[in-house]
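Sequences listed follow chains A and B, in order.
Once you know that position 161 of the first sequence is 185 in my numbering, the rest is easy, because the numbers rise by one and skip nothing.
Once you know that position 76 of the second sequence is 1334 in my numbering, the rest is easy, because the numbers rise by one and skip nothing.
FYI, nobody ran anything at the bench for these hints, they're computed from the structure.
Treat the hints with care, as some may be off.
[Said to hold, decoys possible] Calculated lysine to aspartate or glutamate pairs in the EDC-like style (CA-CA distance at most 16 Å, straight line):
no.	chain 1	residue 1	chain 2	residue 2
1	B	K1332	B	E1429
2	B	K1459	B	D1499
3	A	K142	B	E1429
4	B	K1316	B	E1369
5	B	K1324	B	D1361
6	B	K1314	B	E1383
7	A	K81	B	E1455
8	A	K55	B	E1429
9	A	K63	A	D34
10	B	K1401	A	E115
11	B	K1306	B	E1369
12	A	K81	B	E1383
13	B	K1308	B	E1291
14	B	K1400	B	D1361
15	B	K1308	B	D1361
16	A	K159	A	E115
17	A	K73	A	D34
18	A	K63	A	E133
19	A	K57	B	E1429
20	B	K1381	B	D1405
21	B	K1401	B	E1429
22	B	K1324	A	E166
23	B	K1381	A	E91
24	A	K155	A	E166
For reference, the chains in residue letters:
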Amino acid sequence: MSKEIQPSADYSDFVDDYNALIHIINSVVNKIKTIELVKILSVDTTLHKLSVIPIVKNATSSGNPIENVEIYGVKYIEWQYGANSIIAIPEVGDIGLCLISHKDISNVESGLVGSFRKFGLSDSIYIGGLKGFNKTPTQFIEFSNSGINITTPLDLTINSQSATINATEINLGGANGYNVATIGKKVTTDGDPSSTVVGYIAEGSSIVKAL
Amino acid sequence: MFSQKTLRVEIQKEDGMFYEGINAFSFKGLPIEVGLNVVTVPSGINAKIKLYGVSKSKLDMITTLKWRDGFITKKAIRIYANDGMGEFVLFEGNIMNASPVYDNAPEIYIEIDAIAGAFFNMKSEVPPSSLQGLVPAPAIFKKICIDYGIECVVNGLESDYPQADSPVYDESGLGNRITQASKDYNVYSVIYNNRVEIYPKYQSNQKTWLLTPTNYIGYPSFTNTGLKISTDTLFNVKLADKFTIKGSEVTPANDTWFVINVRYNLSTKIGGNWFITIEGVRAADVQRNTTVSGL
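So here's chain B without its partners, still in its complex pose:
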């Protein structure tokens, strides 16, 4: 089915202006390439964006932003995607680096590295997050998020999560603190666009997507830990979801898998890519059917 696929990129300076009266740029209708990697912390969701055909003046302002504002969280970037089903926010985060690439002049583009987390008013210099007594994992994640002034979404039931006694997290930075808590409690945590989400690992009651030869591209391929499969539909697949493959000629792939990674390769260049690749581990090997307590 043919559908018009579009990408729109917004770059915004959250404090101050690029120049008088202008604090944001929006790019639409230009050739744009987006490589988006959805993964848990510590890497977190990260994106590489290539913007072609940007005027010299805007190129200079965007690529020198790093020298004019030391705070990553004040350099916002948003990516909107539309695969014909309506535009939605694909990514919202912060620019880590933006460089002009002149190698293929006159085809000049800006290459932007960004990390997820639209936490423009996130608190800095936050005291350690400490709780008293035996607490389930959601409590400490909520506490960390409250301390930083951001939203925390808990997926699944509280009883799906392990507990720990009197936890303390004194790492510097939200990402470090969330990463450490995730390791300690053995849960998935993902810094999505404007929030932190946590998931119990490999729970049987997670949402399951169905993939058949009618909605995936090519063939599933096996990895060291499981399997990869691609589709050109931008499913709202999340980490920790499950997907079931049915009808594949690669018969061992016809099974149910837990999502551990999602990669978007989207391009509005002529002949460019437009697909997502989902990587999973076999549910039968890792699934937990019972409520977790302790570890």
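With the rest of the complex left out, here is chain A:
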């Protein structure tokens, strides 16, 4: 049997009807694509599409690798429910997972399949990075047994109509930071809580800074 025609076939597949049937079924089932590990090659933030390349190569029966090629028109997700979302744009070089659609979703805006193709690689949706294959995140929200950690080396902006923090202690400035002064707290002559009280805080500021 020719390698270029059916690389997965073995002579034993054709000596018996049942073996042959199973081989045929397997060859059909193997056409069903589910998930592909890919690397992002380009990002179009206007059309919200990526070009990607699979990172795992197929091999011939003799073990020779078959090169992968760039796949265009891949959509990517944004974790969103209603008007609520976590926004992060994929970047070139990211390695992650593509889910492959059963139908042609290139024409999804019209509600009609774009063609009759099934499990086309360009009908895949990039759903995010694969742990251990990407650079260490510098901005993240971490949920752990010890709490929630929001980290950024850059500016952190919270936009809100009003903000409420319910906490018995608010610490600014890191591990050795200072407690926040609030309305009603006492003011002493030298900052020592045991010193002479000269008054109480009557109004707050819109800006709070660590010392």
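Given chain A's structure and the hints, the job is docking chain B onto it.
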């Protein structure tokens, strides 16, 4: 009209030799039977050839070829036919299997199963075929053929074909890739002797052949999907062509039909067959008169 009908079969090893200095055999003047089935992928055009009167040494070399060369595309077979109008290449492809048949000894023959595609230098281990953006069907078929290093013939206008966005074909093997693209784009594709041809389905502007009681044999017969009719003239009928029957006593057959299958039954044995059977579906049921876009 009586005419001398001949068949000639050539078998060639495209790399290496059968034996020293000989890499091809040609058989002519022998009793030969050819059953040729012209159909779209995935089956593709396939042939069953019976060669009678072949010497024992050649019989052994041909029937053991499968063990000596694993590559189908390196085992070429060509069939030339002549119905009195001149010899032409009827089939060019590759031997899938060749077996000696001793059941009716001393009338021994070689039975050869072959598939079309004279792609002796076709590339193997080809990366997926991928294109960017909205492309018409011919573009991806051409891309697949270029990737494999073979010719692609596009019939009809590009506007006759549907389009698809950023297609990717990663199936292994030319036939699998062409088959998948044909399904996706809903077009006919046929692996002919040395090329891939694609056709828009059921287009009104396809070539039409005229069949009358003077050039067909017997009566048309109906099938589940349409009709069959036979002729002893080797028309160059292609899949996706149309044929019009006129003057048949089977009056419902007097209509126009799209060709979906052509079968050749040719024999140079005494009293052997020599006809082709064309199967069609009624044009009025399937014909597309307008340019296709999208699906």
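Hint-by-hint comparison with the structure:
Distance hint between B:K1332 and B:E1429 is unfulfilled; the C-alpha atoms sit about 21 Å from each other, more than 16 Å. Distance check on the hinted pair: B:K1459 and B:D1499 sit about 10 Å apart at the alpha-carbon level, within 16 Å; holds. Distance check on the hinted pair: A:K142 and B:E1429 sit about 13 Å apart at the alpha-carbon level, within 16 Å; holds. Pair hint B:K1316 plus B:E1369 holds up; C-alpha atoms about 13 Å apart against a cutoff of 16 Å.
Annotation: proposed proximity of B:K1324 to B:D1361 is violated, straight-line Cα distance about 21 Å (limit 16 Å). Restraint check for B:K1314 and B:E1383: not satisfied, since their Cα atoms lie roughly 37 Å apart, outside the 16 Å limit. For the proposed pair A:K81 and B:E1455, the alpha carbon gap of about 30 Å is over 16 Å, so the pair is violated. A C-alpha spacing of about 8 Å is found between A:K55 and B:E1429, which places the hinted pair at or below 16 Å, so the restraint holds.
With a CA separation close to 33 Å, the supplied pair A:K63 and A:D34 exceeds the 16 Å bound. Distance restraint check for B:K1401 and A:E115: the Cα-Cα separation of roughly 29 Å exceeds the 16 Å cut-off, and the hinted pair is therefore not satisfied. Between the alpha carbons of B:K1306 and B:E1369 the distance comes to roughly 7 Å, so the proposed pair stays at or under 16 Å and holds. Between A:K81 and B:E1383, the direct Cα distance comes to roughly 11 Å. Compliance with the 16 Å bound is thereby established for this hinted pair.
Of the pairs offered as hints, the one joining B:K1308 and B:E1291 holds, with about 5 Å between alpha carbons and a cut-off of 16 Å not exceeded. Taking the CA atoms of B:K1400 and B:D1361, the gap is near 46 Å; set against the 16 Å cutoff, the hint is violated. A hinted pair counts as satisfied when its Cα atoms are at most 16 Å apart, and B:K1308 with B:D1361 qualifies at roughly 13 Å. Of the supplied pair hints, the one linking A:K159 and A:E115 holds, its CA atoms being roughly 11 Å apart against a limit of 16 Å.
Under the criterion of a C-alpha separation no larger than 16 Å, the hint pairing A:K73 with A:D34 is inconsistent with the structure, at around 41 Å. For the hint linking A:K63 to A:E133, the alpha-carbon distance of about 26 Å lies beyond 16 Å, and the restraint is violated. Using a Cα cut-off of 16 Å, the hinted pair A:K57 and B:E1429 holds, with the two alpha carbons roughly 11 Å apart. Distance check on the hinted pair: B:K1381 and B:D1405 sit about 8 Å apart at the alpha-carbon level, within 16 Å; holds.
This hinted pair checks out: B:K1401 and B:E1429 have alpha carbons roughly 14 Å apart, not beyond 16 Å. Our distance criterion of 16 Å between C-alpha atoms is broken by B:K1324 and A:E166, whose separation comes to about 62 Å. Between the alpha carbons of B:K1381 and A:E91 the distance comes to roughly 14 Å, so the proposed pair stays at or under 16 Å and holds. A C-alpha spacing of about 14 Å is found between A:K155 and A:E166, which places the hinted pair at or below 16 Å, so the restraint holds.
Comparing the model with each earlier hint shows violations of hints 1, 5, 6, 7, 9, 10, 14, 17, 18 and 22; every other hint is respected.
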